[in-house]
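**Q** Here is how the chains run, residue by residue.
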Amino acid sequence: MPSEPRIPTEPTLDELSAYLDHELDDDARTRVADHVAGCADCQARLDGLRQTAYAIRALPMETPPRTFTIPAKTRESSSWVPVAGWIGGVAAAMLIIVVGVTHLPFQGPGGAASTGTISRSLAQGGAPAAGRAAPLGQSGAGTQMYDSQAASKAVLSNAATVSDPRSPSRMLTVSTDAASYSSTATMTVQLRLSGLPPSQTALVSLLLERNGFAVLLPAGSGPLDASGYRGNYPLANLALPNPVAGSYTLIAIEWLPDGNGELIARLPITIQG
Amino acid sequence: MDDRDLVGRARRGDPEAFTQLMMQYQVPLYNMALRMVGRPDDAADIAQEAFTRAWVKIRTLRDAPFKSWIFQIAANLCYDHFRRGRRYGEMPDEDTNKVVGLGILTPDPQERAEASERNRLVRESIEALDHDMRLAIILRDVNGMAYDEIAVVLHVPLGTVKSRIARARAQVQEHLQQYPDFFPSTREDANAE
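Just so you know, the protein sequences line up as chains A and B, in that order.
For the record, in the first sequence the residue sitting at position 141 is 141 according to our numbering, with numbers rising by one throughout.
For the record, in the second sequence the residue sitting at position 111 is 111 according to our numbering, with numbers rising by one throughout.
If you are wondering where the hints come from, they were derived from the structure by calculation, not from laboratory data.
Please read these numbers as outputs of a predicted model, since none were measured by experiment.
Certain hints may be false.
If the Cβ cut is set under 8 Å, some of the chain A residues that face chain B in the computed set are [to be verified]: (1) Asp14; (2) Leu59; (3) Arg210; (4) Gly212.
Beta carbons are placed, not taken as given, at the ideal position from N, Cα and C, and that holds for glycine.
Make a model of the complete structure from these sequences and hints.
**A** Next up, the structure:
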């Protein structure tokens, strides 16, 4: 006499629910499926769970009643610190994000590659003597929008250039899209580096200074090319002193390799209230 | 650009990248909080606080997925909400102008009224769950998360996730079965799947 086909062990509630979600392994899924196929009670239990899940999933997704934002000055690393610590002998020992530009062979007109690759590194050093330093690149105070193509074009309208007296072809140019901004404007800053030997890494800092104090402008993750960097900085996001309005100096510092000092370009900037 | 790239940029202080992450997760995060705490303003406060904390702490996020991390922050804020003695707030009926998806909208006022009533009953049944089960079933059936993602958010083993979801569904089902018209055609729907 043939025996009745054996129905697999009755699945637990957890198994039935997980079966609905395709969250069982192959063996368990097969076992549950085989059992449910021959068990009206478990089929009904499964249907009930399925309908319940559908009812919850049918709840509408709602739009938030307001826009979410991030506070501009919550990141710890942006601060207004004495500029003396940044320039001169102490500065070289600071913790600083560096902008590395490594030259590659130029591929010629129409070549897909740019003239450089991008690299960033973190040079660890001592803290500045006065105040908390804001490491370039770690601050959330500014916003950077990068345009690698634009970065290699001509300098912006408001510009200052310095050259290395020991190697005049080595120059640093800092420029901005205006000399005067409202306190809510976005300042576009462009750096151009020239005369870099092949495979040279450029270490650059950007500061906005007033009356001996400065805030570091953050670098970001955007593209750089061999000839420069461009970043957009909403002034309202920078940790500037109150009152914000006043005469500032945008300072670009290119740290020369092997402890040979730095090139410092200074550009007057006015911020109006 | 995927989450990992955006997180990398945000960790370096790029608020634009973080804003993109916020844009991506604001609706699911808000809806998770909404189904947990009930009141839209409370849910928005929780979502906002979660994003603020995530922005401040983004540098501590290394290899973990942003999605699990931000939901974990928001989930903890939901628990804090109840620990402070706040209660589930009954939300007003959904304003269909604010609905962004998944809900079945129909121009028929009668059908809309019925759908609204069904949603109210579902919300009521979710509210009746304890916080652990409520969160698990919301993450699964509102947010569509996989069990392993939910385990990360809740900091519990996979088996616990499975159990909480199953028990939550059973309780919701039991609650809804009080209303005879709620599951009128269980077999037909199942067969039509």
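**Q** Taking the hints in turn, state whether each one holds.
**A** Status of each hint after checking the structure:
1. Asp14: Status holds, d = 4 Å.
2. Leu59: holds (6 Å)
3. Arg210: violated (22 Å)
4. Gly212: violated (25 Å)
In terms of the numbered hints stated before, the structure departs from hints 3, 4, listed from lowest to highest.
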